[in-house]
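Q: Here is how the chains run, residue by residue.
There are 2 protein chains.
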Amino acid sequence: MANNISAPIPEKTVERLSEYRRTLLSCHRQGITHIFSHVLAGMHGITAVQVRRDLMLIGFSSDTKKGYDVKVLIDFINNILDSETTTNIAIIGMGHLAQAITKYFNSKGLKLRIIASFDVDPAKVGHIIDDIPCYHMDQFEDKVENLDISIVIVSSPTEVATELVVPIINAGIKGVLNFTSVPLNFPQGIVVENYDITTILEKVAYFVKVNEENNNNN
Amino acid sequence: MANNISAPIPEKTVERLSEYRRTLLSCHRQGITHIFSHVLAGMHGITAVQVRRDLMLIGFSSDTKKGYDVKVLIDFINNILDSETTTNIAIIGMGHLAQAITKYFNSKGLKLRIIASFDVDPAKVGHIIDDIPCYHMDQFEDKVENLDISIVIVSSPTEVATELVVPIINAGIKGVLNFTSVPLNFPQGIVVENYDITTILEKVAYFVKVNEENNNNN
Numbered sequence: 006m007a008n009n010i011s012a013p014i015p016e017k018t019v020e021r022l023s024e025y026r027r028t029l030l031s032c033h034r035q036g037i038t039h040i041f042s043h044v045l046a047g048m049h050g051i052t053a054v055q056v057r058r059d060l061m062l063i064g065f066s067s068d069t070k071k072g073y074d075v076k077v078l079i080d081f082i083n084n085i086l087d088s089e090t091t092t093n094i095a096i097i098g099m100g101h102l103a104q105a106i107t108k109y110f111n112s113k114g115l116k117l118r119i120i121a122s123f124d125v126d127p128a129k130v131g132h133i134i135d136d137i138p139c140y141h142m143d144q145f146e147d148k149v150e151n152l153d154i155s156i157v158i159v160s161s162p163t164e165v166a167t168e169l170v171v172p173i174i175n176a177g178i179k180g181v182l183n184f185t186s187v188p189l190n191f192p193q194g195i196v197v198e199n200y201d202i203t204t205i206l207e208k209v210a211y212f213v214k215v216n217e218e219n220n221n222n223n
Numbered sequence: 006m007a008n009n010i011s012a013p014i015p016e017k018t019v020e021r022l023s024e025y026r027r028t029l030l031s032c033h034r035q036g037i038t039h040i041f042s043h044v045l046a047g048m049h050g051i052t053a054v055q056v057r058r059d060l061m062l063i064g065f066s067s068d069t070k071k072g073y074d075v076k077v078l079i080d081f082i083n084n085i086l087d088s089e090t091t092t093n094i095a096i097i098g099m100g101h102l103a104q105a106i107t108k109y110f111n112s113k114g115l116k117l118r119i120i121a122s123f124d125v126d127p128a129k130v131g132h133i134i135d136d137i138p139c140y141h142m143d144q145f146e147d148k149v150e151n152l153d154i155s156i157v158i159v160s161s162p163t164e165v166a167t168e169l170v171v172p173i174i175n176a177g178i179k180g181v182l183n184f185t186s187v188p189l190n191f192p193q194g195i196v197v198e199n200y201d202i203t204t205i206l207e208k209v210a211y212f213v214k215v216n217e218e219n220n221n222n223n
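So the sequences go chain by chain: G and R. Mapping of the first sequence onto this note's numbering: residues 6 to 223, in sequence order. Mapping of the second sequence onto this note's numbering: residues 6 to 223, in sequence order.
Bound conformation, chain G alone (with noise of 0.2 Å):
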């Protein structure tokens, strides 16, 4: 049962909740049953206000003396950002990215799960792929409705990607994460991520060329 959440929280606290998660898992699996605030902390290499904070926020309080509780934080964090059933996702453009991101994801377990790809390479459409089926574009709207999709990844060629915007729309797809260099704009209730890998390179290589001007300017 999801707590009855009126505003949502805010991106960046979502983002860090998804990491402590993971890190809570990898403890919970080392047999850890209790963590402190400074510990987590440390770990994503932020401050223990920072994490109290984005805890706090969630409404989530905690037995100081041992520490949080790593189950019982786990399954609040659960409840925070799961669905109650498994979401299901597409993937557009089945290429190299796409089948990295497959593998990567599917065998991790979670409650997002890709399971089906579209392309129009007739080497591909009509073919399993990393355990799921390739489907030509064509089928898309279908598919979606068939399958209960409501995520959506592009990673199609760039020079083809604001051909997606019309089908996804229609589709009836709820979120789009983009990671192809073109950004897309969906109508207000369509969520969405433009995620350029590029674009992070980009920002580490800015900083690294600031922290070199800084010392030499030392």
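It should be emphasised that the hints constitute simulated quantities derived from the structure, not laboratory data. Errors might be hidden in some of the hints.
No copy labels: a pair is met if it fits in one copy or bridges any two.
Derived BS3-like pairs (lysine-lysine); straight-line CA-CA distance at most 27 Å [stated by the list, open to error]:
#, residue 1, residue 2
1, K148, K129
2, K148, K70
3, K71, K148
4, K76, K179
5, K148, K108
6, K179, K108
7, K113, K179
8, K129, K108
9, K70, K116
10, K179, K70
11, K179, K17
12, K129, K113
Take the given structure of chain G and dock chain R to it, following the hints.
A: Then chain R, alone, in the frame of chain G:
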């Protein structure tokens, strides 16, 4: 020649500058010479105020009658984001994701180049994979020095990722983009971006869930 910037630009602005540049390069290839802030904003699903604020922050002022000069703005952003020479990048763990990233990234003709990979798998070490040599991890420090590598992408199995921290520090690496599921911490002076695709997909799924709950409550 880099402008003498004392304070670094905020992370989110750096990300947007990287994104604006890709859009502007695409416009330039199509023969578009000028673009208004509201057009650039529309292509990125943000407000014109945001675009103007970002460009003001980097000291760019425009001819408002015809909009921004596309070529001049590209050069201006190049000057902010890029180093004067090509930045060499290595990738640790040459699995499927790494190969997909290398193919994708090196096809783009950027000032960032992935020039070497490192692995421990005898099937990969000593071979050229996706046009770059794959070396054994034992050679990491030597190769980083000889090949003038300043940034690494970590895409090793999550289980061994933390073992890479000391070699990365010892080799004098300045920036790290970490794609594994375990957050890596480095001393001050090394830029690190921990980036698990699971986080971003869980974020999309969370906001889809919030939208659905709000729709059900209305």
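Q: Which hint numbers doesn't this structure obey?
A: Of the numbered hints, 2, 3, 4, 9 and 10 do not hold.
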